[in-house]
Amino acid sequence: MIPAPPHEIQQSHYRWRGAMIACALNAVGMPLDLAMARGIPNMPAWPPLMSSAVGLVLVIVLFAGRRHPITRLATTAFVLNTAAILVSLWITSGAYAAAPGAWIPFQANKLGALAAGVLAPDLATGLIAIAGFAGMAMVRYETFSAAEQQRLPIGEPWVIVIYAIFAIAMLAYRLHSVALARRMLHIRTESIATQRMAKTFLAMRDFRNTPLQTIELAIGIARSRCPDLEPVLDRVDRALDRLYRLNHAFSVYESQIAWTEDDVSPDSTFLVGLDPSRPTPPP
Amino acid sequence: MAHQSDVLFLDDDEDLRATFTDLVRTVFERECHGCGSEHDLIALGDRALHCGVAILDINLGPQVPSGIDAYGWLRNHGFHGRIVFLTGHAASHPLVVEASRLGDAEVVGKPVSLDALTSLLDDQAPPGMPAEHAPQ
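Just so you know, the sequences run in chain order A and B. Reading the first sequence from the start, the letters are residues 1 to 283 in our numbering. Reading the second sequence from the start, the letters are residues 284 to 419 in our numbering.
What the hints contain is simulated information worked out from the structure, not anything from laboratory work. Note that this is a predicted model, so its numbers are computed, not measured. Don't take every hint at face value.
[As the list claims (entries may be wrong)] Here are the simulated lysine to aspartate or glutamate pairs, DMTMM-like style, with alpha carbons at most 25 Å apart:
1. Lys-199/A <-> Asp-295/B
2. Lys-199/A <-> Asp-241/A
3. Lys-199/A <-> Glu-381/B
4. Lys-199/A <-> Asp-296/B
5. Lys-199/A <-> Glu-254/A
[Unchecked claim] The calculated label-pair distances, taken between Cβ atoms and stated as ranges, are:
6. Ala-374/B <-> Val-178/A: 25 to 31 Å
7. Arg-384/B <-> Val-252/A: 23 to 29 Å
8. Glu-8/A <-> Asn-359/B: 54 to 60 Å
9. Pro-211/A <-> His-363/B: 28 to 34 Å
10. Gln-346/B <-> Leu-246/A: 27 to 33 Å
Don't be surprised by glycine CBs; every beta carbon is placed ideally from N, CA and C.
Starting from the given sequences, assemble the full structure and let the hints guide the process.
Next up, the structure:
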């Protein structure tokens, strides 16, 4: 099986890591929200706990697949995590709005939208999550009574739209940077592979030069000792000439090589896979 | 005792060494001292130092002294003959570049033809090699 290219592996890991952090923040953050809302009348405990539990389960699922991260799993986990948060926020925001005292509305939605811009595995998932956080706040606002709406600060619920725009900009900028880094890694991987191939071809050529030299000199000896073999040796000469030209063709790879300390005296026999300890296969 | 017409040949390939030695003795009717490493060269001692021409393979294998080290030993011990590096490596290879910078030695690429070898073994040959001898 051919392993996935490094830039694709890196992308899968990157998406997996974003989903993992988002789920972990949900698992840890929601109980904190519950703690802060202790004094709020009629504040149900189950929505934050449910959201936190969903985040925890998703963390476990993602952690189990950490060795071979699957992009689809990361995306699905991110969407499920966002959905669990939105359900919880929908319910708790009603209790906050009905409670006496000042409430700065939809703080978690604003934070969630920005977090989606930073952590979403891909553009579509990020846009869905940002739209979810912003849309939920705006729809939820419409469900509040007129008295509750009047108690909210000026500009609500439209402030969330500004947050959403910033989150989308952050998402786009981040994904562009990631794509750029991925392209760079792809180019670097290709360059390393080309270097390796060029070195192997040159090693093969260099390795051939010594046996070719032996044949060349052996022909000279044979020609000197056995003049009768001249026609045969001429044919060998022509065959050698073709091999020389083949050798010359490999010269194009020379310019592609950046020599390193390790290349100064490479063991050509192993570089080209010719282990001298193994017997030569029969012709 | 070695003679000025003797040839010193240093290469780690046993077949090439034997063939070269055989060729020099048969075709050129000169004595040839073959050795496979710098260690063998040092063991030859005066027989190596009194040769008229030394043909040295640049790369004698991984983790062992190179032909350039052998060149250093020869020159440090009073070798006054002609030194020719024979290499299968590209001209851009670090060892070949280093050998080319030595100044009083020539670098010739393998495989070298019999005609080119004849001019290499000719003591009267002017310094500097024809283009066909240059490493690939």
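Verification of the supplied hints:
1. Among the hinted pairs, Lys-199/A with Asp-295/B is consistent with the structure: their alpha-carbon atoms are about 21 Å apart, no more than 25 Å.
2. Distance restraint check for Lys-199/A and Asp-241/A: the Cα-Cα separation of roughly 23 Å lies within the 25 Å cut-off, and the hinted pair is therefore satisfied.
3. Between the alpha carbons of Lys-199/A and Glu-381/B the distance comes to roughly 19 Å, so the proposed pair stays at or under 25 Å and holds.
4. Simply put, Lys-199/A and Asp-296/B have alpha-carbon atoms about 21 Å apart, close enough for the 25 Å limit, and the pair holds.
5. Restraint check for Lys-199/A and Glu-254/A: the C-alpha separation of about 8 Å stays at or below 25 Å, so the hint holds.
6. One distance hint, 25 to 31 Å for the beta-carbon pair Ala-374/B and Val-178/A, is violated here, with the actual separation near 43 Å.
7. Taking 23 to 29 Å as the suggested C-beta distance range, the pair Arg-384/B and Val-252/A conforms, at roughly 25 Å.
8. Range check, Glu-8/A to Asn-359/B: about 56 Å between beta-carbon atoms, so the 54 to 60 Å window is met.
9. For Pro-211/A paired with His-363/B, a C-beta distance near 33 Å keeps the hint of 28 to 34 Å intact.
10. For the pair Gln-346/B and Leu-246/A, the beta carbons lie near 30 Å from each other, so the given range of 27 to 33 Å is met.
This entry does not satisfy hint 6, going by the numbered hints stated previously; all others are met.
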